[in-house]
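Engineer: What follows is the residue order along each chain.
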Amino acid sequence: MALRFGAGDVGHIHDHAKEAYPEECAGAIVGMDTGDMKIVVDVWRAKNTHGEDRGRRFLIEPLQIKEFEEKTQERDMDLLGFYHSHPDHPAEPSEYDREHAWPYYSYVIASVGKDEVEDMRSWVLKEDRSGYDEEPIVFG
Amino acid sequence: MPKVKIPTPLRQYTNGSSEVEVGGGTAGETLGNLAAEYPDLEQHLYTSDGKLRSFVNVYKGDEDIRYLDGPDTEVSENDELSIIPSIAGGRCTNV
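Protein chains in written order, with this note's numbering: chain A, 227 to 366; chain B, 391 to 485.
No lab work stands behind these hints, which were simulated from the structure alone.
Possibly wrong hints are sitting among the right ones.
Short, incomplete list of chain A residues facing chain B, as computed with Cβ under 10 Å [claimed, not checked]:
1) 282
2) 304
3) 305
4) 331
5) 343
6) 365
The C-beta atom is built at its ideal place from N, Cα and C for all residues, glycine as well.
Chain A with its partners taken away, still in its complex shape (with noise of 0.2 Å):
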């Protein structure tokens, strides 16, 4: 399965990336599973409501997913999964990822710098979550 993302799309990810600098991200990413492709229309932004260091951890509060569901289903589209981004650090799951990950869903990282995105890639959680399997990204 590959995760296609149109240019437009991917520029959101980067400037709320880069708004939220020094802190993390992070957001929902929506629509359509083809069954060999997840075809990305939307991307929504939430709220890192995680209390401590969000410069470091990520949180999507239980309501705001619901919120995202429910929406997704009245447009008749799929929640495809989620982005955040780690400021000064690669785009890479950390063990803290892997620990909270759900399965069928792409985590798209985005590695910011202070002024720029430098990477940004997909994974998700092999089966057994055990670790991840990079997912390709395809532009267009």
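Given chain A's structure and the hints, the job is docking chain B onto it.
Structural biologist: Below, chain B alone, put in the same frame as chain A:
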């Protein structure tokens, strides 16, 4: 029987169903029966020592069962439980 709403990432383990009916008199019992009926769900709902994972939230109607009676929250025939993810992560492994 109470209904349990299944979020997108777990539907692959319930034969694609977004809602299943499971017997049980409390929220804990209902979820336990759900995991027994669909064994592949178990590792995503519970830790290896049998506790509900911290980012797995269970709502009865619009209320988080943590603020009711937790797993002992009573459920009846017409109640609806929803499993709702919270999404967490971050770059740091320490702390």
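Engineer: Please go over all the hints and tell whether each is borne out by the structure.
Structural biologist: Comparing the hints with the structure gives:
1. For residue 282 of chain A, the interface hint holds, the least distance from its beta-carbon to any beta-carbon of chain B being 4 Å, beneath 10 Å.
2. Annotation: interface hint on residue 304 of chain A holds; nearest CB of chain B at approximately 6 Å, less than 10 Å.
3. At a threshold of 10 Å, the smallest CB-CB gap from residue 305 of chain A to chain B is about 5 Å, leaving the interface hint in force.
4. A cut of 10 Å between beta carbons decides the hint on residue 331 of chain A: the least distance to chain B is about 5 Å, and the hint holds.
5. The beta carbon of residue 343 of chain A comes no nearer than 14 Å to any beta carbon in chain B, farther than 10 Å, and the hint placing it at the interface is violated.
6. Because the closest C-beta pair between residue 365 of chain A and chain B is about 24 Å apart, greater than 10 Å, the hint is violated.
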